[in-house]
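*Asks:* Sequence:
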Amino acid sequence: MAPDYYADEMQHEQMIVLPSHIFPDHIEHCLDMLRQYLMCQPSSAIWTYDWDESKNKDNPADDLHIEHQCVDWEMLDGWARERVFDIEDGLVLRPDGTPYRGSS
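Counting in my numbering, the sequence shown runs from 1 upward without gaps.
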């Protein structure tokens with residue numbers, strides 16, 4: 001991944017090398033997905049702070065033992081699987097209305 005940028009820090013064998021024409025679009029997509037997740041599914045958990053005299057007498061310490069409500073993964077996965085389609089079935093249409101049947 002970006003071997004020209006990380007070349008000094010990593011050996012080439014350690015890198016995931018993507019074709020240069022895919023890399024910018026792929027990274028932009030991934031970052032946008034993370035942005036959407038953070039903006040649309042933020043945690044509403046309440047973070048509390050405690051005074052821990054043994055660690056820091058001047059500042060409170062955050063309590064990192066917060067319980068989160070997780071999504072029911074099996075239900076979500078089942079819901080998604082019921083709506084899966086093969087892109088080559090012609091269900092995706094090009095702007096001109098003709099079916100897209102995969103890359104040529």
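It is possible that part of the hints are untrue.
As the list claims (entries may be wrong) - Simulated restraints, written as ranges between beta carbons of each label pair:
| # | residue 1 | residue 2 | range |
| --- | --- | --- | --- |
| 1 | Ile46 | Arg101 | 46 to 56 Å |
| 2 | Trp47 | Pro24 | 27 to 37 Å |
| 3 | Ile87 | Pro24 | 15 to 25 Å |
What the hints contain is simulated information worked out from the structure, not anything from laboratory work. Here a beta-carbon is modelled for each residue, glycine too, at the ideal position from N, C-alpha and C.
*Asks:* Give a verdict on every hint.
*Replies:* Structure-based check of each hint:
1. Ile46 - Arg101: 46 to 56 Å: Since the Cβ atoms of Ile46 and Arg101 sit about 50 Å apart, the hinted range of 46 to 56 Å holds.
2. Trp47 - Pro24: 27 to 37 Å: holds, 36 Å
3. Ile87 - Pro24: 15 to 25 Å: Between Ile87 and Pro24, where Cβ atoms are some 23 Å apart, the hint holds.
In terms of the numbered hints stated before, the structure departs from none.
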